[in-house]
Amino acid sequence: MSDFAASAPAPRIAVDKLGVLIAVIAAGAAVPPFAAFRANRIVVGISKGIFEALPMWEAMLVALALTAAILVALLKTPNLWRLVASLAMLALLFVAIGNAASFLTPEGDKLARVSPGGGFWLLLFAFALLAADSFTRLKLGPWLRILTLLLVAGAIAGLLWSGAWNDLSILKEYANRAEAFWREGQTHIALALGSLAAATVVGIPLGILCHRVPPMRAAVLNVLNAVQTIPSIALFGLLIAPLAWVAANVPGAAAIGISGIGAAPAMVALFAYSLLPVVANTVVGLEGVPPAATDAARGMGMTGWQRLAKVEFPLAFPVILTGIRIVLVQNIGLATIAALIGGGGFGVFVFQGVGQTAMDLVLLGAVPTVMLAFAAAVILDAIVEMVSTRSRPA
Amino acid sequence: MIQIEALTKDYDGLTVVDHVTMRIDDGDIAVIVGTSGSGKTTLLRMINRLIEPTSGSVRIDGKDTRSVPAHLLRREIGYVIQGHGLFPHRTVGQNIATVPVLMGWDKARIDRRVEELLELFQLPAGQFRDRLPSELSGGQQQRVGVARALAAEPKVLLMDEPFGALDPIIRAKAQADLVGIQKRFGTTIVLVTHDMEEAIHLGTKIAVMDQGKLLQYATPAEIVVKPATDFVGELLGSGDRAFRLLGLRRIGDFVEPGEASGAPVSAEQTLRDGLEEALWSGRAVLPVVDGAGNPVGRLTLATLQRLGARPQ
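The listed protein sequences derive, respectively, from chains A and B.
If you're matching positions, the first sequence starts at 126 in our numbering and goes up one per residue.
If you're matching positions, the second sequence starts at -1 in our numbering and goes up one per residue.
Some clues are possibly wrong.
Over the 10 Å line for every Cβ pair with chain B, so calculated as not near, a few chain A residues [unchecked claim]:
1) L200
2) I271
3) S384
4) T428
5) Q431
6) K435
7) P439
Chain B side only, calculated, beta carbon under 10 Å to chain A, not exhaustive [what the hints assert, rightly or not]:
8) N46
9) L48
10) E50
11) T52
12) V56
13) I58
14) V78
15) I79
16) G83
17) T96
18) G102
19) A106
20) F241
Simulated from the structure, these hints should not be mistaken for lab results.
Just so you know, even glycine gets a beta-carbon here, dropped at the ideal spot from N, CA and C.
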């Protein structure tokens, strides 16, 4: 092999592996439309390529920038270039799609809808991939990652407030439903966080119990595993009958909001799904505590509680927090389905949109859900890193 | 003084420790030696009730260990295990302060004690108190482990293979430190090891265990000279008996008047060191000096030969 390596001429241009993938995706984005124009929100759209969707000079600018950005991604370039290229490209795409909406919508037309096309989404995906990759290579600390998240959120909020996207279909759907949007958003977060809090309060003690009483462990984990395999829609459905019965027969249950449909069964189902990651991670975390440390704790005269509070729990905490992170991200996604049984949340728009074949309305529910889940993942990852490195200062 | 009376541990009919009776006097270093599965660790852990005996009793200074709750008993007894068992999420200072905190000492007293111990173990407080165990070398971690066990000034220190994870050079240093600490505080130490060499080197008394039974409990010299059973002899190995015997005695006790030429040996060294020096330098007589370097007499090869022979 070394002979081969020595005799092979050094390649003058090195190609980045991920860059090839990004280039392929970005090139593929030329096939589907950049934007779609519809005379109203439910008719079939008319595809618009990038040169039809934007004024000539702007389309040229996007095309040129795109070529440059693909080259930066494809070749082995310094990480900073890649980061700048991907961020600039994402910003340009965001501005361009807003401009395309304004450009394509006839003056004064209130019914016309312009939505991002497949081409736009592919480009967004390609350069988000590049940005994510170069961010990872930067190896930013947890605080800087949260700061970056805030900056990105700020930039998106700025775009929204500036009105640059006002002609986009999603925002037109939003304009019609602004009040419902924020109300369902609150419900969504309440469902995800509420079930997480309940699962934490119940799951951590249950995990500790499973760790201390080995026979319980297999039983509890198997039951929770079984719960995890029930399809979510089925679980929501299965809960209707028992909760309706509770509401009808337990005094006061109906008064605190328990009923066969609505938020209560949604909360119960999300809670049931949340238990396994919390309990399992608590058990795994406690099992990862060095046996020598627990033996020393016992040998030095700590009581069972002191050992748990001072040695075992602090050492297991990063792993437990990882479980909580899994649950939060999972719940933000799953809470969408709560809308099926009248539980509310962003799923309301998704299911309404599906019913009306209005994809823009689906996006109004889906995009904030994805963004919330992503933000939750970044923040909790950062916190997990902070608590696990707190014991290892630089 | 620790009095162990007919101490027994059964696990489902399997007797791991079988009616062991022994007395460990104040200031002794009692080393329990045995192969793995001999019950030596179980015996040690029954002293601070990490394992509850099936029958028999342990009394420390006349008081039955079962007369106080186990966790309170353990706070009065130092405990060191193999691989140090430091708490990885706590600093060196916090680790050492564990038992004093449990006992509710006030902060100033704890801080004073931590600093004192760190200095004693040659770990300057300014440099080491706020470090985490993962930032220390193996030898330093071991020293912190011992410092932590000594923090609340226990009269008894239990050590389970405390030097097992150390390389030979660090181990020799740690052993020397332990002997120094024992002398300084007069702590009674019970130490478990599988290494007979270590037992002979450290112990004032050695307890040899096999299959749960205490085969012999005697001074190192007695063990070397008169192993009670074939198993004890096997554990000793037949190769180094004469050297071990010489290694247990001080040159100072066997000096005869007279002079000799060449580099002197110290009265504080063992006869084994003297023999080594005599053979290496090809001399039959060595001058002996005391700690201050003053000549006190001489040591002859003939004396060494006589003392290294099997006692009749």
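**OP:** Compare the structure with the hints numbered earlier in the document and write down the numbers of the violated ones, lowest to highest.
**Re:** 4, 5, 6, 7, 10, 11, 12, 13, 18, 19 and 20
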